[in-house]
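J.: What follows is each chain in one-letter form.
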Amino acid sequence: MGITFRNETFRDDFTFRNSPEHIRRFPFPFHEDAYMYAVNIEPHVVGPKGSVLENLIDVDEHYVAEMQDRAMVLAEDPLRCQSLPHMTLAGWDLLELLMEQQAQGYPEHFTLTRDGDRWRWINRPLGIDDTFTFGDTSTLPYGPMEYITRQSQGDFCILDQRDGNLWMDAGMVTTQADWSLDFDIGMNFFEWHAPVPLAHEKGIFTRALKFLTNIQQGKPARRLNWTMTINPRLDTSPENYHKWGPDRTTVTPENVGDKVHLRVELQSFWRLPRSNGIVFPIRCYLIKMDELVTQPKWARRLHRVIRDLPDELANYKGLTRYRPTLVEWLSKLDDGSPTSPGFGPY
Amino acid sequence: MAAKSIISRPVYGTLSPQPGKHHLFVADAEGALAIGEMAERTPPGFFDGAEIVFIPGPDRKHVAALEALKPAQFHEAPSFASLLPRLRQTLANAHMGLRLYLSGTEGLIGQAMQAALEAGIDHTSIQTEHRGSLARRMQCVHCKGITENVTTQPATCAHCGLLLLVRDHYSRRIAAFQGVCINAEDRSEIPPMEEIFR
Amino acid sequence: MSTGTTKLDVVVSDVVPVNDLVTRFHFRRRDGQLLPTFSGGAHVVVEMRDGERTRLNPYSLMGSPLDTREYTISVRRDDVGRGGSLFMHRNVRPGHEMVVSYPVNLFSLDLRARKHLMLAGGIGITPFMAQTAQLAAEGGNFELHYTCRTASLGTYADLLRERYDRRVRLYHDDLDERIELDRLLSSQPLGTHLYVCGPAGMINWVRERAATLGWPSETVHFEHFAAPQPGLPFDVTLAVTGKTIRVDEQQSVLEAIEAAGVDPPYLCRGGVCGQCETNVISYDGKFIHNDHWLSEEDHRSGCKIMPCVSRFEGRSLVLER
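Residue numbers (numbering that gives the first Met the number 0), protein chains in the order written: chain A, 0 to 345; chain B, 0 to 197; chain C, 0 to 320.
Incorrect hints may appear among the rest.
[Stated by the list, open to error] Result set (DSBU-like, lysine-lysine): computed pairs, CA atoms no more than 35 angstroms apart in a straight line:
hint	chain 1	residue 1	chain 2	residue 2
1	A	K209	C	K114
2	A	K48	C	K6
3	B	K20	B	K60
4	C	K6	C	K242
5	A	K209	C	K242
6	B	K20	A	K316
7	A	K242	A	K48
8	A	K296	A	K331
9	B	K60	A	K209
The set of hints was computed from the structure by calculation and includes no laboratory data.
Quick caveat, the model's predicted, so the values are computed rather than measured.
Working from the sequences, and respecting the hints, build out all of it.
T.: Given below as structure tokens:
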């Protein structure tokens, strides 16, 4: 039967909503009533039916609207999609991965036919039917990475592996949580994470890098990260910070439920076969407080997490200005009763 | 030097002679002193295979001292922009075995390194030593314009006029620190401007 | 979580003698599907069931990464080695069902390079077979210098000459032909990367000359799988599992641990990748470290061992496994 794609916006009138089944499948990121950095990396294997892990590359009801928003961002600022010259092969690797995963997970929406290096790709939701030669950039309207990531939800960073480090040498980044691909491209793993507070001192990145450089083909891994966003805005780039920053001053006790969104990133890590690079998809899920608190356990837990978050982290995540208002609003939904361990709503 | 910093902030060392067949020095102003001090530790004949490209201050201080090292080639340039075509040409024709030494202001080191990266030199193999002004090159993350010689925190973007927090986050590719609007959330908040990168 | 490799069920589709010492083996997937794509320089670990023993040896994939219908490896017969190559030469025939790991690349090309300068010695040619095929398909700039004992032992030399013509230079020991290394290294354009694969002596020589001539270490890539060296048998106590095992003369510590039913992670089995790094809990004796992974400090400390290639002589050794 397939997915019913919503017609909605992530800017201006902000008509983005989650359907009830999408609220239930939301990847709530807190397994206990507190949050601290950890190397929370686990194998990226298929999860239960009806969850965001049902397929390793998830396509959901927001697909078409997200792709429209991406096209608008790129029209305004083409620097959001860049690939250093040595990364074209990795772009082809990514194109293969995303076409195969989407076609396998959603055959009613995507079809890939391969005849040697002659490939045909049908993307029904976006009305695309292209035949091209795999490996020949002149047969696609964009470079391979840009072509396929204009048709795939989430941001994508492609990392080159050399000298025991990972180098962010290509990416499509239009739904980022406040970091600039244009500025960070070419940096190594430690450099582009440099602004993250606390984690370096804890040795988090050293351990994470060791793990990531050893990721093997056919054995992807994943982790969750989170922040909060005012209004369901995908493009919270530093480039446009002066445009969306004022939103943070608009939170009032009356509009918390509608305006404040939990923003969860499902990050996965895949070894790319031809280039020996790593692709790092960052899939963003948004849920407004009104939707989230329909699950009482999540409401209680989020209250405790946000209330007890260390100030440095709250500041880094940009919550400082509206945290008291949010905590006050959430506290009314927290009767103090215990929450069950684990991510699920029950 | 900044007291508390972050990992993307460049770390400069002390120039030291590297194994190699050719040695290319690019320096400005007090960067000449770093070359002079290193020369005290170089093996005899080291400068026979060396080229020094130097941007002196208005008083041409240190020029004589550098010439006295008797490098194979010595070139004096009035500005970085004026030496860039020559630097690019040298790098384009160079062979493996060329070693690069950069000393002086952060802006000089960063821009010369940028040209070297484009020529295929890995940044970790470049010797650097910071001397002189701590003024920063800053890229405005919003309009992408570069403002040279930033000495204040916050600083005004010379292109779009936004008031920017000058971060320690640094891009070798752009050869600049990142500037992010400091009062984006509420433009009426105007923090005091202090001169801190002297 | 463990980062071990995934396994592939394959069948030997062809066995081709290449010369007096080298035989090539072709593998296809038993289910008829394509094999996973790989990058030039990758290796697979081949599992050999030799009676009661399982041998696991890494071999570079030498086919074109563009053709994944089959994997090919070339095995040089080593009459005095631990027996893996002899097993391949004597026992493996077409139709033989075997298991190989997913490809892993610990010797990958730096695709930023303006030029790739490759130096091969003897059977060290195999990773370059795949890398040259990959680069040639992309129009990459490379040059291969290949040293072999005699023309008849120049494995794939003719094929490479035919494919790449003057981009391949051959040097024969019996004709006293030697690479003019210093001249070669000094005439490469800026942005060149150097790759070397061959006997340890050659790798050390090339690395030393490159460093002296001013090649930064990031531009020098080498692949040297240390084959586990035979030695005196010794006993090891595994603290976690509470087992005491014997490491035979021809066995590595890792193989002995596996034979006891304990499965530590591994990728290269050649002392390079660091996966099987193991903590030493106590010891009375001396280590024979043969790996390229641990630092000299680690070696001196007596706190760590790479069980894939390193050995021990003495009274007792307790490992955290």
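J.: Hint by hint, work out which the structure violates, then give me just those numbers in ascending order.
T.: Hint check: 6, 7, 9 fail, others pass.
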